[in-house]
Amino acid sequence: MRPRPLRRALPPIIVFIVAVLLLELLVRALHVRPGFLPPPSAVAQSFVREGAHLWVALSETAQGALTGFALSCAVGIILAVLLSSASWVQRAFYPYTIFFQTVPVIAIAPLLVIWCGYGLPTVIASAFIVSVFPIIANTLSGLLSTDPALRDLFRLYGAGRFSTMMKLRLPYALPNIMTGLRISAGLAVIGAVVGEFIGGGGLGTVVSVAGRNQRTDTAFAAVLLASMLGLAMVAVVNLLSHLTLAHWHASERDQD
Amino acid sequence: MQTADPTGALLTPKRAGTRVELTGVRRAFEPDVVAIERVDLVAEPGEFLAVLGPSGSGKSTLLRLIAGLDRPTLGTIQVSDPQRAARDEARRAEIAFVFQDAHLLPWRNVVRNVSLPLELTGWSRGETQAMAREAIARVGLSDAQRRYPNQLSGGMRMRVSLARALVTRPRLLLLDEPFAALDEITRQRLEEQLRELWDSLGMTVIFVTHSISEAAFLAERVLVLSRRPAQIVADRKIDLPRQRSAELRTTPTFAQQTRALFEVMRQQEEA
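Residue numbers (my numbering), protein chains in the order written: chain A, 1 to 256; chain B, 257 to 527.
Calculated from the structure, these hints are not laboratory results. Since the model is a prediction, treat every value here as computed from it, not as a measurement. No residue lacks a Cβ here, since even glycine has one placed at the ideal position from N, Cα and C.
One-sided and incomplete, this derived list gives chain A residues near chain B with beta-carbon spacing under 10 Å:
hint, residue
1, F154
2, K167
3, A250
Generate the whole structure from the sequences, applying the supplied hints.
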């Protein structure tokens, strides 16, 4: 039997409530300085107090993260398709795509500001750099694992490269592409916030300003919003993955 | 003879099979790994030929060579049409291949899997639908047209694979141990079905297998391959009636045929 959505959601909700209550009690009982660690109730208050301000910051961060993520999807998938076209292309260029994975984005963020200017462009660039590699790597591994018998079948019927890519290799790689998107969706938010630390705007700026003013309650509120944004993006990818794969791929069937 | 289908022109039951001729074919993967050594082989138009050999002999390589998916190191392969296809038939793929497993596209339902070869060879959507349905009906899966491969049993998947091969009405059908992974009952049923399909469609069939009884039941003629490097060590005509039913399997004549093949394989093992 399939557990109902409510019953599935219940355990994490209970854990959340218990953890929040426990934290509240501990912070109060131990008389922790609010500037060091605010009780959850203070964080909740800052949501109310600075709601409008936080909402604007959230929408800015969302814009940067989503645009960066969309760019990653497009560029990542296209690059993977190009890399998979010939083994020499892959040998020559793949090592350089790993650059995106290894570059410390916080260290090059000042450079991004010089190249892209303050504000949104830097944020988008930062989100893109952080989130593109998992899409390239996963898509590529999916494209390279096409069933050889099916490739033979397509050859037998004289299918060209383009129709083999569209009708066989890309759909075959779809489960891998979805894995890449799932990883990148969360990373894009992290990249966006890092970009905002240096480039300015959004939740990143809220956190750094609040930190300087020892407003830990506001900083916590902003951090919570950023991670919820990441969760929401991952949830959308999961939904997309379910819609496209449910009828054929084992990863999306009910595990009862 | 025409079927009742309104698109009857597409469904003319018989098409002449092609003749296949291999002369001195050798296929070596590296200088010292020889899969096939000097194979001469002729399949007459419309013949059902079984190639019987131990696992790991070059059976699959042989089929891939005939299909044009691989090139021989030496020798020539000719797949020729006795009656050159009429102009409107030129679009039809002449060769079809059935693999060891069904190898369907899991994201396509049965109809869309079966119509794939037509799509790839440039048929319009309206035509592919009717032809796919007809091929699906031939393998008895009309009730499962909208299902996805993961909703089908192993035997049904293989029948979809057969329908996909037949949908272009090929003149040459190549099968690479297609029923090896199926249970005995399913396998026998599919063998009978394949035999009927061959009988009504008239294409040339080359069927590779390691099962003696399968080769004897299906084929008009059986070629026995040696271990790697594969050479043809026997060429035996199967002396059984053209109409072959399930009951044939338990008759003394059938036992005689399999026994003779068994002896050849045995001698080969001991040699």
